[in-house]
Amino acid sequence: MNDQTLTPEERAANLKGMGSSRKRVEDVRFTQGKGNYVDDIKLDGMLFGDFVRSPYAHARVVSINAEEALKVPGVLAVITAKDLEPLGLHWMPTLAGDKQMVLADGKVLFQGQEVAFVVAEDRYAAADGVELVEVEYEELPVIVDPFEALQSDVVLREDLDPAADGAHGPRKHHNHIFTWEQGDKDATEAVLAEADVVVEEMVYYHRTHPCPLETCGSVASMDKVTGKLTLWGTFQAPHAVRTVASLISGIAEHNIRVISPDIGGGFGNKVGVYPGYICSIVASIVTGKPVKWVEDRMDNLMSTAFARDYWMQGKIAATKEGKITGLWCHTTADHGGFDACADPTKFPAGFMNICTGSYDIPVAYLAVDGVYTNKAPGGVAYRCSFRVTEAAYFIERMIEVLAIKLNMDAAELRRINFIKADQFPYQSALGWEYDSGDYHTAWDKALKAVDYEGLRKEQAQQLEDFKAGKTRKLMGIGLTHFTEIVGAGPVKNCDILGLGMFDSCEIRIHPTGSAIARLGTISQGQGHATTFAQIIASEIGLPADDITLEEGDTDTAPYGLGTYGSRSTPVAGAATAMAARKIRAKAQMIAAYLLEVHDDDVEFDVDRFVVKGAPERFKTMKEIAFAAYNQAIPGLEPGLEAVSYYDPPNMTYPFGAYICVVDIDVDTGETDIRSFYALDDCGTRINPMIIEGQVHGGLTEALAIAMGQEIAYDEMGNHKTATLMDFFIPTSWETPTYVTDHTTTPSPHHPIGAKGVGESPNVGGVPCFSNAVHDAFRPFGLTQSHMPHDHWRVWKTARELGLHA
Amino acid sequence: MAKMHVKMTVNGKEVEALAEPRTLLIHFLREDLNITGPHIGCESSHCGACTVDIDGKSVKSCTMFVGQANGTDITTVEGLTNPDGSLGVIQEMFREHHGLQCGYCTPGMITRAHRLLQENPSPTEEEVRFGMAGNLCRCTGYQNIVKAIMASADMLNAQKEAAE
Amino acid sequence: MIPGAFEYHRPASVAEAAGLLSQLGDDARVLAGGHSLIPMMKLRMADLSHLVDLQDLDEMKGIKITVSSVTIGAMVTQHELIADDALAAAVPIIREAALQIADPQVRYVGTIGGNVANGDPGNDMPGLMQCLNATYEVQGTEASRMINAREFYESAYFTAREEEEILTRIHIPRPAGGTGYAYEKQKRKIGDYATAAAAVLVGGGEASVAMTNLSDTPVWSQDAGKALASGDVEGCVAAVMGAIDPADDMRGPVEFKKHVAGMILRRAIDRALSRAS
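Chains A, B and C, in that order, give the protein sequences. Per the working numbering, the very first residue in the first sequence carries number 1; after that it's consecutive. Per the working numbering, the very first residue in the second sequence carries number 806; after that it's consecutive. Per the working numbering, the very first residue in the third sequence carries number 970; after that it's consecutive.
Only chain A is shown next, with the shape it has when bound in the complex:
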């Protein structure tokens, strides 16, 4: 490494630092089947727990008889709410300040709710036990419609005092959870009253589910000798789980070790705290043995956290020329039986108030009403930062509806309303400070890349052919320009259950110049072990290949709030850079001492400190690391390590321009994605290969959501999409090939300018696919239809527009 014949560029390339498409270190084990996921964990004497679940959406639990179940060979215990009550664990706090039954306490509120926990020697005996637990139910009236819930006399949550405030203020009705208002209502309504043009539309973003390929699970092991509880689980926030587990169980926090092993995808599903985690802990305490709980796919789709289910009534006002003058939105949010929404405490509807999107809208108003229904609880950010995807879908649909009303091209309407590059940092009408952006540049690049004018001509020709009876296919062009808001904190605004949303990194350089770094986050496929090492490599000049990265073990990793909401790069990535810079500062002093010059007379050069003006005099970081440990340096402690707890000054605001083309068969409702172009601006790019992979994956999740994926219930609250037969996940066959592109507008407040990207393609992808479908039908008068755009709904649209005559 001391080779002076290498140019600085060559030395930098050897580090595989930021900007390098470094191959992933994780893949060596994953490609050989040597990952270590929670269901791979096997401990001596480990038991298995499984749930008896409610077949009813709303019922009283009259009795539970476990006698026959306990006769099954291998079944050791059947735990019910009565057993948990003395421990105070029959209910648990939710992330949204509500509480949720761990096991049915007198009644059930959704189909699939946990009623009893059967503990057995293995999963087969547990399943046999579940079959034989007899539960007597008394059915109650079911409410699956949030609007009906607010009118109904049926009280879903009998445990709540109807007169008392909820966690987020006054409740208007016994099935109402909260009202959250942002912006200036009076001013917005005044603008709406006097505007040239106002359009109003109900935009529904249906209920869906993150459905990671690995379901949720945990292994709890209470060591009665040491009094220490070890809990492995599918946790996107292991440190928060430890604190919450300590607070609700009374076990001292130092006696709880939480470990997130490899996680098979999260997408928000593994942010929540689930009854299975609690029950595995209790069962381990009761039996003195390790207890594993792993849900099956039906459990996962029926009971763990869903996403979306927002009814967004919108009004948008504009001048005749198309300049938007105001935006109004009222959202009815279906939260299911308990409010287990995963949002920062002060944001009961997440960052829905980013719904002014990429546009310079002078005045806006948003109100959200949360409602209880007989559906599963949740409301997590499915590859999204706290309701941003709902917000993006809302504004991108409203823009399209406005374009129809104004008879304008939707690309041009966006262009004239974009926030301009020189307006950043930009204060939005609903309270955010957008850090940086250059929307016009991105938009023009995207339109040019797809030959937008050419596409419109082709579309016009196809429409003519359709009208002439030459084809039964319509062509739709979907446009979206989205602005994300990711990277929660700052702590002053953002906490979950009182836990501040900072994040952390600790770096230790070893004497020979390799290193270990530990973070408060946890990868679920994002490749943190690869990319965070790249940040360190660039910041301190050691090869990424010589840096081990660890996350997820609360006994060793510094405290952090975990990985969701695209917060790892904006927050933990910043912590990583800041910790590295502390090390670099000390290294500078060591180098100066070794080179016998003043600290200010050396400067950092890729992988070394050189004497200013004399580049032949230098000390490499490897030499400095050795000296740090082994040479007495006056005024300096031995060692070379640092930790940073980073509280970001602001969120970051990634953005992107997406354009897709879809062909629609009006007779069968079948759709075919002909092309998809995605331009993402996520600020500084750490690993382009991983960014592209994230975009492909997020777009495919968006494709699923927009085109068929839903959690559906019938009027009795029966779950209709509980297997992968009916819950749509596209295969390689239905998935198109994507074209990716980028611009780079660094975040001015982030140490390395990075903004985060994982969720952008889901946030921007859904409106893009949906807008394409709508666009195909625009010439026939369609303004708004509800997702998902599966075959029958597309067909229904065509039928209602008279295209089947």
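Hints listed in this document are in silico derivations from the structure and should not be mistaken for laboratory results. Hints may contain errors.
What the hints assert, rightly or not - For each label pair, taking beta carbons as the anchor points, the in silico distance ranges come out as:
(1) C:Asp1192 - A:Met202: 33 to 39 Å
(2) C:Met1014 - B:Ala822: 24 to 30 Å
(3) C:Ala1052 - B:Glu821: 41 to 47 Å
(4) C:Asp1192 - A:Glu148: 23 to 29 Å
(5) C:Thr1040 - A:Asp672: 52 to 58 Å
Said to hold, decoys possible - Okay, derived cross-link-like pairs now, PhoX-like style, lysine-lysine, Cα gap no bigger than 20 Å in a straight line:
(6) A:Lys420 - A:Lys445
(7) B:Lys965 - A:Lys34
(8) C:Lys1030 - A:Lys796
(9) B:Lys862 - C:Lys1030
(10) A:Lys467 - A:Lys796
(11) A:Lys82 - A:Lys99
(12) A:Lys185 - A:Lys172
(13) A:Lys23 - A:Lys42
(14) C:Lys1227 - A:Lys796
(15) A:Lys720 - A:Lys473
(16) C:Lys1156 - A:Lys473
(17) A:Lys315 - A:Lys405
(18) A:Lys172 - A:Lys99
(19) A:Lys457 - A:Lys445
(20) A:Lys612 - A:Lys586
(21) A:Lys457 - A:Lys473
(22) C:Lys1030 - A:Lys720
(23) A:Lys42 - A:Lys228
(24) B:Lys808 - B:Lys862
(25) A:Lys23 - B:Lys862
(26) B:Lys818 - B:Lys862
C-beta: ideal position from N, C-alpha, C; glycine also.
Use these hints to put chains B and C onto chain A, whose structure you have.
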């Protein structure tokens, strides 16, 4: 129920065991043999995470009882690593082309790709997409998986040519 | 999703298998590829205490092709149907249909016998076999008998096969040379059952039409075949539309399915006619 005696070859090794007849092959591999590469994703034969190769066929081991596999020759993703411990060609190409993220679907994907390329050594992209349609991935959007398999085909064909 | 306990049997001959079924009675079920039965067992919707695995029964394997007919062993997998070039030359619609069933892994294991014998209205092969005028050979303890595919399906999961009988072989008369064919299927994605599917044979003054997943049994319409044979496409479609009786599910409501059935049928007819010579 009485346990049954089963005997099979797994990744080149003969294994014998007593198992309850209702034991699903995926559980037998994972729990009894500690072969945890094949994963459980959907349990209804839709996702392919549990794919293993049985007598030259790609099979979803969540939908097969251990008795059905009695006497067969099974290869899992663990068996596709080179004898010297280095990554096999398909494993290496998945890494090279970023054909995986969380790694959960990967063992099934690679095992399925192995059989696909045995049957069709020079597939078109369309054939790869059709031939991999029994394996779901939630992370990658398949684009890089397809790329990795196409690259694997090229490399395997080049190796074959060099050997001839 | 864990199945209940059962005893596992792997007979070496059809006679032994039939003997087991008769001896064990209602508590026994035969297992072919298992991709219909095992998921039901895992949901504990199929209650049985004996499973009779047919995989060793060589008598039920293989494809035999003569000048006038094709005989397919019930244990032949979808994958084997697709891979068999001689079969594809003799009855090309079988490969075309089999490629649209499930996914590669399931096709390696799923058998034609299991697909036709189970009586699942979502399965593709029953309609195809009705279209082809196939005959099922079923073996009891005493004797075997032949049942025409068009008379086999009574309602969802109920068929003319007795509990102790095993469907061993399928006999298919070879369509005349130059017969046009098409198997057209609309589905939500790979691996899904049909929203609507149509099997059409036409040529030489004859035609046969059958539909899948549009009633609780496959729908073969003699009137539709007659109309098409005489060149009356509208009459053919009308006859089919009168015969189907789809149910609501997550694929869509009845009105949609009926409309799509008509579209899929027309497309199948067009394609079959274009292939007829």
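Next item on the list: Identify every previously stated hint that the structure contradicts and give their numbers, smallest first.
Entry: 1, 3, 4, 5, 7, 8, 13, 15, 22, 24, 25
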